[in-house]
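Here's the letter readout for the chains.
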Amino acid sequence: MEALEIARWQFGIVTVYHFLMVPLTIGLGTLVAILQTRWHKTGNEAYLRMTKFWGKLFLINFIMGVATGIVQEFQFGMAWSEYSRFVGDVFGAPLAMEALLAFFVESTFLGLWIFGWKKLPAKVHLACLWIAVAGSIVSAYFILVANSWMQHPVGVEMIDGRPVMVDAWAVFTNNTALVAFFHTITGALAVAGGFLLGISWYHLWRRRKDGIDTVDANGRVVVGESATIPGRDKKDHSVWIKSLRFGAVVAMIAFAGSAISGDLSGKLMFEQQPMKMAAAEAACHDGTGFSILSIGNVGSRDCSDVVAVMEIPGLLSFLAHNDFTTDIKGVNTLIPEYQEKYGTHLPDDPMYGARAGQEINYVPIMPVTYWGFRMMIGFGGLAAAAAAVALWLTRKGTVPRSKGLMRLALVGILAPFGANAAGWIFTEMGRQPFVVAPNPAMSGVDQVFMFTAAAVSPGVSAGEVIFSLVALTTVYAVLLVVEVVLLTKFIRGGVVSAMPELDQTKKKDDGGNGPGGEADDDVLAFAY
Amino acid sequence: MDFLPTLWFILIAVLWIGYLFLEGFDLGVGMLMKTFARGEKERRVLLNTVGPVWDGNEVWLLTAGGATFAAFPFWYASLFSALYIPLVFVLLGLIFRAVAFEYRGKVHNDTWRTVWDWAIALGSLVAAFGIGAMLALTTTGLPLNENGDRVGGAFAWFTWYAVIGGLAIVGFAVIHAAAFVALKTDGDIRHRARRLVGRWMPVGLAPMAVWAIAVALENGKWFSWLLIAVAVAAAVTSWAANRAGREGFSFLAMGGFLLAGAAAIFSAVYPVVLPSTLDPLWNLTVENASSSSYTLGLMSIVAAFGVPLVLAYQAWTYWIFRKRITAAHLPEPHDFAPAVALATAGAAPAGATGTTPTGSAS
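As you go down the protein sequences, you meet chains A and B in turn.
Taking my numbering, I'd label the letters of the first sequence as residues 1 to 528.
Taking my numbering, I'd label the letters of the second sequence as residues 1 to 362.
What the hints contain is simulated information worked out from the structure, not anything from laboratory work.
There could be a bad hint or two in this list.
Covered stretches of chain A, as calculated for chain B (at least 3 residues, CB under 8 Å) [unchecked claim]:
1. 67-78
2. 90-97
3. 145-154
4. 161-173
5. 221-234
6. 378-390
7. 479-488
Note that the structure is a prediction, hence the values are computed from the model and not measured.
Heads up, the beta-carbon is just placed ideally off N, CA and C, and yes, glycines get one too.
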């Protein structure tokens with residue numbers, strides 16, 4: 001393999017990995033901030049417990065997002081130097097703004113939140129969390145502005161063969177970016193909602209199984225307490241039932257939001273990147289039908305291999321144009337159009353290295369786009385269904401003892417992650433063979449585009465990229481195991497894992513003989 | 001139009017100096033974890049001196065990188081791709097270090113803590129060395145062709161300059177961290193940190209002096225030499241203040257050393273941002289490596305608003321956590337008895353994860 005292919009694998013792996021952490025950070029951060037606000041407003045201790053427990057899990061995950069985010073910024077220059085030179089004038093700005101206006105805010109105020117318990121006035125402490133959460137949301141916006149410019153370049157003119165920014169407003173209000181932002185935030189909330197739902201379900205189920213909670217003749221919960229299991233008091237029940245129902249409601253609203261934004265995004269894509277959407281449909285010929293199932297030779301990019309088994313007539317036109325009759329262009333129609341506009345072969349330019357003069361294949365790898373698109377929607381729908389079922393089943397205050405239904409918790413947690421990952425793979429792979437996809441509507445400067453084949457660093461050898469791919473993938477794999485083990489440990493621990501003072505099974509004299517004494521008021525409530 | 005690229009050259013220098021000043025001491029504290037700290041309590045004291053701030057400090061690196069991308073895309077592309085291998089190590093170092101800070105205290109177990117202590121110490125060392133090497137090569141040059149791409153293979157960057165630059169940042173970070181620890185702690189550890197500064201400062205700061213003098217000899221301008229003299233004076237002041245027990249003043253004077261020293265280096269190289277050792281015609285300069293003046297103008301407005309804001313709230317953070325930290329301020333480390341595992345095992349859990357008493361002093 002040459003450096004280009006390896007660098008693409010690396011980009012895909014580190015980006016999808018980073019994006020396992022990011023939605024949970026954004027979504028869970030928002031929910032913890034809401035919970036802490038509820039605690040301030042109501043004084044109900046259940047909300048304090050929720051803040052501390054979910055806050056702990058939030059921090060364990062947050063740090064992984066931070067650590068893997070640095071790779072994201074460095075790899076443009078390291079592995080994609082020609083790309084960086086080409087787009088630097090317009091693409092670097094949102095990246096720099098993310099660091100300066102958003103990430104500084106997030107990191108600094110989160111530090112204040114972690115270490116500021118009891119040290120800062122309660123309202124200031126709460127404000128720190130909200131500011132940090134706002135930082136993470138603004139951060140997402142800037143990154144999506146940068147990414148959306150690669151999907152749909154705007155606000156530039158070609159000068160000396162490079163796009164030069166002439167209209168910052170157009171770049172920062174790119175319709176692709178605004179829709180992607182809405183879609184990403186709702187996706188993040190779906191992840192966090194499912195996370196609350198799944199973990200709370202598990203604890204409520206344990207309480208039933210351990211005989212702490214029972215149900216009366218009407219199916220209503222009778223909340224109990226245990227003297228021997230740490231943290232299993234009456235308040236503990238209300239922590240989990242409140243978390244579960246809160247998470248389920250958030251997941252359902254988030255799903256509705258992501259369906260709306262996804263539909264908007266799809267309509268834009270039919271205009272902006274028709275080939276991506278045709279490939280998402282495995283639609284070879286023009287038509288109006290949405291494929292329920294198409295089969296073909298997996299790995300083949302040849303349209304003649306693809307057979308639509310089931311189709312809903314009109315639905316595709318509706319997704320693209322809100323009517324049922326307009327024909328949507330298929331791959332076979334689009335290929336000559338792309339060839340006419342952007343050439344049939346890579347230019348004979350030294351920047352393409354050995355790839356100069358090669359024929360260009362304008363069709364992305366169809367099984368990836370086709371299944372990526374369906375997995376995104378399918379997993380999203382599954383998560384929303386799980387949330388609806390959970391809401392119905394818990395209407396009387398607890399979950400059934402069924403072990404089978406326990407699987408619902410797992411679906412609730414994992415499906416939204418699957419939907420997010422599949423969505424990104426679809427949107428990035430569907431852009432190929434372009435790293436900067438051409439903007440068909442851009443008058444006069446339709447030539448603002450870049451082939452992925454031209455973007456890779458010319459001076460970097462395949463060996464170097466193999467080394468970094470192996471090193472990063474190994475480290476990421478190890479750290480993923482560590483994170484999951486740690487999350488599992490704290491999840492199994494329950495609220496006591498974040499608030500050891502709630503452990504009613506421990507004698508008080510355990511901790512009393514420390515050197516603390518009069519300094520106790522000054523103890524860092526959270527410390528390393 | 002020369003003004004905006006020059007302004008951005010200065011701004012990027014400021015971002016790097018800000019990064020080295022702030023993360024300098026938390027990288028150094030990381031390195032001290034395995035060499036200087038005695039026992040678990042001292043290691044936790046060290047960690048908590050930087051606990052609330054290290055993450056915010058690290059963003060200076062991201063901002064320096066992002067600003068270079070936005071303002072000088074050619075500089076960013078050439079430098080980062082030329083230093084591919086060392087930057088992979090920097091990334092791995094920063095990843096391990098960040099995760100270790102957060103995860104170290106999450107499990108009450110000696111092996112677990114030892115592993116993460118090594119991750120912090122080695123991660124900090126490798127990151128500091130790699131960033132030093134990168135900055136040194138920015139000022140002394142790399143074998144770049146006319147397109148700005150490295151020639152000569154994956155290790156073409158490996159020169160004495162890279163080693164000296166790496167040692168310069170490692171040495172500075174250790175001394176800077178010791179001065180910081182002397183300022184932020186109390187008791188025995190405070191006095192040992194002060195002794196460390198007094199004894200090792202000349203050794204720790206020497207590589208940076210060598211680097212600055214080498215660059216100034218090459219491109220000598222009178223103000224570069226003046227700045228070097230200021231840096232030396234600041235270092236002497238820092239040493240004397242440390243000896244006199246004025247830790248705050250000593251720490252700030254150390255910052256003065258960094259500021260003057262880095263300014264000497266950056267100013268000597270200006271207007272070149274990345275020299276090519278193959279042909280001076282292929283040097284990247286503030287002019288031929290920069291973005292358009294429209295982009296630079298936009299970024300200037302954002303920076304004029306953003307930088308003071310960042311400085312203000314970061315200063316506030318340092319003010320909030322200004323108290324000296326001692327072991328007495330730290331909560332006892334604790335492990336919890338998990339609600340679920342206990343229930344499964346019945347009543348008494350066996351050993352490993354469970355209910356070891358938390359009082360064991362180290």
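Status of each hint after checking the structure:
1. Taking a C-beta to C-beta cut-off of 8 Å, the stretch 67-78 of chain A contributes 10 residues in contact with chain B, enough for the three needed, and the coverage statement holds.
2. As drawn, the stretch 90-97 of chain A meets chain B at 7 residues by the rule of a beta-carbon pair under 8 Å; at three or more, the given contact holds.
3. Using a Cβ-Cβ cut-off of 8 Å, 0 residues of the stretch 145-154 of chain A lie near chain B, which falls short of the minimum of three, so the contact claim is violated.
4. Taking a C-beta to C-beta cut-off of 8 Å, the stretch 161-173 of chain A contributes 4 residues in contact with chain B, enough for the three needed, and the coverage statement holds.
5. For the stretch 221-234 of chain A, the assignment as covered by chain B holds, since 5 residues bring a beta-carbon within under 8 Å of that chain's beta-carbons and 3 suffice.
6. With 0 residues carrying a beta carbon less than 8 Å from a beta carbon of chain B, the stretch 378-390 of chain A misses the three-residue requirement, and the given coverage is violated.
7. Against chain B, the stretch 479-488 of chain A contributes 3 residues with a C-beta closer than 8 Å to a partner C-beta. That satisfies the three-residue criterion, and the hint holds.
Violated hints for the displayed structure, listed by number in ascending order: 3 and 6.
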